[in-house]
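A.B. asks: With the hints as constraints, model all of the structure from the sequences given.
2 protein chains.
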Amino acid sequence: MKDTRDKILDTAERLFSTKGVNVVSLRDINTAAGVSLGVLHYHFGGRDGVLKAILERRLPALAVERQAMLEVLRAGKKAPTLPQMVEVIVVPLARLAIEQGKGGRRFIKLLAHLNLEKNRIYQTEASKYSAPVDAQLSAWLMAQYPQLSVELTELRLSMALHAMYNTLAEIGEPGRAWFPHIEAQTPEPWQVVNTLIEFIAKAIR
Amino acid sequence: MKDTRDKILDTAERLFSTKGVNVVSLRDINTAAGVSLGVLHYHFGGRDGVLKAILERRLPALAVERQAMLEVLRAGKKAPTLPQMVEVIVVPLARLAIEQGKGGRRFIKLLAHLNLEKNRIYQTEASKYSAPVDAQLSAWLMAQYPQLSVELTELRLSMALHAMYNTLAEIGEPGRAWFPHIEAQTPEPWQVVNTLIEFIAKAIR
DNA sequence: GAATAATTTCATCAAGTGCTCAAATTGTGT
DNA sequence: ACACAATTTGAGCACTTGATGAAATTATTC
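Which chain is which? The protein sequence lines are E and U, in order.
Everything in the first sequence is counted per the working numbering, starting at 46 for the first residue and increasing by one.
Everything in the second sequence is counted per the working numbering, starting at 46 for the first residue and increasing by one.
It should be emphasised that the hints constitute simulated quantities derived from the structure, not laboratory data.
It should be emphasised that the depicted structure is a prediction, and the values quoted were computed from it without experimental measurement.
Keep in mind that a hint or two might mislead.
To be verified - Label-pair restraints from in silico Cβ distances:
1. E144/U with A106/E: 44 to 50 Å
2. A184/U with H88/E: 50 to 56 Å
3. Q168/E with P191/U: 43 to 49 Å
We put the CB at the ideal spot given by N, CA and C, even for glycine.
C.D. replies: Right under this line is the structure:
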């Protein structure tokens, strides 16, 4: 049977992702996880501790995977293309969204929330785990497209990131019906990811 | 002096936009607005009423402006271009962000929150005010680009919208430093908007 | 200016909140 | 089997929450 800690983290991740971190009461988490009031405090000390644990459960593996993809690109004979660089950002997250089931998607939606509200705990955790890869990617980007101004490139990257979080979070779920007169099917997950990569690459260039 | 109702709405808009709607207590709003406890309930009945009033204060004008832009495009001799259609979505919001000062930007950030958490009240309000324009735009888009599949187009639109909200909300504010080694200036507001329009147009086509 | 309506104040309520802690339970090593 | 540590429980605390309503204040109308 699953560890109590993980049971709490799973439940918290699920509840946090729907409405945001600070809307969920610790009692909600406890009762939904089927444990009693004190355990959460015993293990994590409080809401901040839970959030930190959630992040530290997934961010490291994400960073490792991105770094590995980057190494592969470096080792290749040809210079990497822009879509390939974008893949370094998108694919590991997409794998989370597609292969880890709903839990992965919830985590990504949680990331979207944390980004939007500029959550302090997330910012420190993110800079700890994703800063190295980010630095290499941006350095490459600047070298490759020297004609682009720094401000505009940063701007486009930030647009792209927001689009990515929100898209991956809703992968496989019925979206807003833009064309109500036509019955749209939910697209294949990896097709979504490819569209997203193209989207971002086009936007940057 | 400003109306009490507006004072409450301004304050609520500001507080809601930073951390999300349900994190802010009604007491926070009342004390920050400098009025006493009961007024909020007297005028709006509760949190939901405040949110609804906030939306109904800004959404109608937005819809009118979009509809007007659409009429101009219709009246033109040439068929509208894709960037022009995108402008119909982006420019009215951008005007809000740039010309209405911080209040406008806060409103947009609030929209981003409401979209992310699939807020019920927002969804009904949005469908009331923006559904007509949306329908015309999507019809035009489908007619213009019949080779695109419905699913992918919907997908790209939703990506674009998320990017738009998050970008416009942070207009004029120092963003995340992607290239820490270079001192980036905050770009000119309307340049941001133009980049955004290009970004979306490129992404759709 | 008197009468009426609209608005504002604030004490008060029940319910929910994060958090603590002693006691009960379970696990672990000897 | 025992001792000891780790974990779990649930009652309880101080505090905040949304909401109510009667009284006080201010606007409006005749």
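A.B. asks: Against this structure, judge whether each hint is valid.
C.D. replies: Tested hints:
1. E144/U with A106/E: 44 to 50 Å: holds, 45 Å
2. A184/U with H88/E: 50 to 56 Å: Holds: the Cβ-Cβ distance is about 54 Å, inside 50 to 56 Å.
3. Q168/E with P191/U: 43 to 49 Å: Holds: the Cβ-Cβ distance is about 45 Å, inside 43 to 49 Å.
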